[in-house]
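K.L.:
Protein sequence lines, in the order shown, are assigned to chains A and B. Each number in the numbering used here corresponds to the 1-based position in the first sequence with 388 added. Each number in the numbering used here corresponds to the 1-based position in the second sequence with 62 added.
Because the hints were derived from the structure by calculation, they are not lab data. Hints may contain errors.
Covered by chain A, per the in silico footprint, the following chain B stretches (three or more residues, Cβ under 8 angstroms) [said to hold, decoys possible]:
no., segment
1, 71-82
2, 123-129
3, 132-138
Far from chain A, some chain B residues (derived; all Cβ distances over 10 angstroms) [what the hints assert, rightly or not]:
no., residue
4, I64
5, W65
6, E66
7, L67
8, L89
9, T92
10, I105
Some residues of chain B that are not near chain A, with every Cβ distance over 10 angstroms (derived) [stated by the list, open to error]:
no., residue
11, D68
12, L88
13, I94
14, A97
15, L100
Just so we're clear, the structure is a prediction, and the values are computed from it rather than from any experiment. Even glycine gets a Cβ: it sits at the ideal position worked out from N, Cα and C.
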Amino acid sequence: MRRNVIIKTVSRFLVPFIQVYALYVIVHGALGAGGGFQGGVVFAASFILMIIAFGLTCVRERFNYKWIVMLSALGITIYATIGLLCLIPGGNYLEYGSIEALLGIPHLHGYLIDAVEIGIGITVMATMTSIIYDMGDTGGESS
Amino acid sequence: MIWELDFALLIFMIFCAIAAITVRDLLHATIILSAYSLIMAVIWSEMNAVDVAFTEAAVGAGITTVLFIAAIARTGRRSSD
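Starting from the given sequences, assemble the full structure and let the hints guide the process.
P.N.:
Here you go:
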């Protein structure tokens with residue numbers, strides 16, 4: 389696979405902006421368009437751009453399967469933990485108002501929504517990246 | 063909603079959908095399907111469904127195209143039927 393200096397430079401410049409935009413989409417999901425799933429997909433798209441520009445092996449060295457397994461488990465753990473914590477004061481699953489009423493902290497449900505969205509985003513990002521890794525792996529042949 | 067714009071986009075989308083299933087080369091079909099998905103995202107945002115439009119643009123036009131191209135790279139590019 390040939391390496392083009394223009395593609396490498398432009399994608400090196402563009403990847404942080406895509407990732408910051410993905411984080412904005414995740415955090416802004418409670419107020420407007422977006423959310424955990426879309427932000428996670430946009431974050432995975434930045435990894436796809438890195439794979440296209442630098443090759444699969446280079447990206448895999450920095451973000452390997454150990455990280456993917458750990459992050460996908462971490463995201464769903466955040467989601468399930470906050471959902472189950474809402475059961476303790478007697479609310480339903482993911483009923484943030486029950487925790488807010490128990491602790492007495494104003495606007496706590498907004499932070500909990502953001503935390504749940506971040507969990508969803510982490511899991512979607514790790515899963516999408518692992519799908520792309522498996523699909524892009526040609527078994528040593530040049531693609 | 064501007065019905066003239068919606069009408070033009072829907073006509074173009076139907077043409078893209080017909081072209082995507084009639085073209086022989088699978089890579090061309092993938093690119094046409096990506097264009098179809100982009101028009102679909104514009105139509106969703108025309109209908110004030112911004113969240114669905116965002117998902118369509120990110121998943122339909124972005125991830126699906128890459129997955130299809132990766133699948134074509136691993137199999138064959140010519141359609142057999």
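K.L.:
Now, for every hint given, state plainly whether the structure supports it.
P.N.:
A quick look at each hint next to the structure:
Coverage of the segment 71-82 of chain B by chain A is violated [criterion: at least 3 residues with CB-CB distance below 8 angstroms; count 0]. Residue count for the segment 123-129 of chain B with a Cβ under 8 angstroms from a Cβ of chain A: 4. That meets the three needed, and the coverage hint holds. Under the rule that three or more residues need a Cβ within less than 8 angstroms of chain A, the assignment of the segment 132-138 of chain B holds, with 4 such residues. Here I64 (chain B) stays apart from chain A, with its beta-carbon at least about 20 angstroms from theirs, past the 10 angstroms limit.
Every Cβ of chain A is farther than 10 angstroms from the Cβ of W65 (chain B); the closest lies at roughly 23 angstroms, confirming the non-interface assignment. At the 10 angstroms boundary, the C-beta of E66 (chain B) stays outside the reach of chain A, the nearest C-beta of that chain being 25 angstroms off. L67 (chain B), annotated as away from the interface, keeps every beta carbon of chain A farther than 10 angstroms; the closest lies near 20 angstroms. Interface exclusion of L89 (chain B) from chain A stands, the closest Cβ pair being 14 angstroms apart, more than 10 angstroms.
The Cβ of T92 (chain B) lies farther than 10 angstroms from every Cβ of chain A, with a closest approach of about 13 angstroms, so its non-interface assignment holds. For I105 (chain B), the shortest C-beta to C-beta distance to chain A comes to about 15 angstroms, beyond the 10 angstroms cut-off, and the non-interface label holds. Under the 10 angstroms C-beta cut-off, the non-interface status given to D68 (chain B) relative to chain A holds; the minimum distance is some 20 angstroms. Listed as outside the interface, L88 (chain B) is consistent with that label: its C-beta sits roughly 15 angstroms from the nearest C-beta of chain A, beyond the 10 angstroms cut-off.
Even its closest Cβ contact with chain A, about 20 angstroms, leaves I94 (chain B) beyond 10 angstroms, as expected for a residue assigned away from the interface. Under the 10 angstroms C-beta cut-off, the non-interface status given to A97 (chain B) relative to chain A holds; the minimum distance is some 18 angstroms. Distance check for L100 (chain B) against chain A: the nearest CB is about 15 angstroms away, which clears 10 angstroms, and the non-interface claim stands.
Comparing the model with each numbered hint stated earlier shows that hint 1 is the single one that does not hold.
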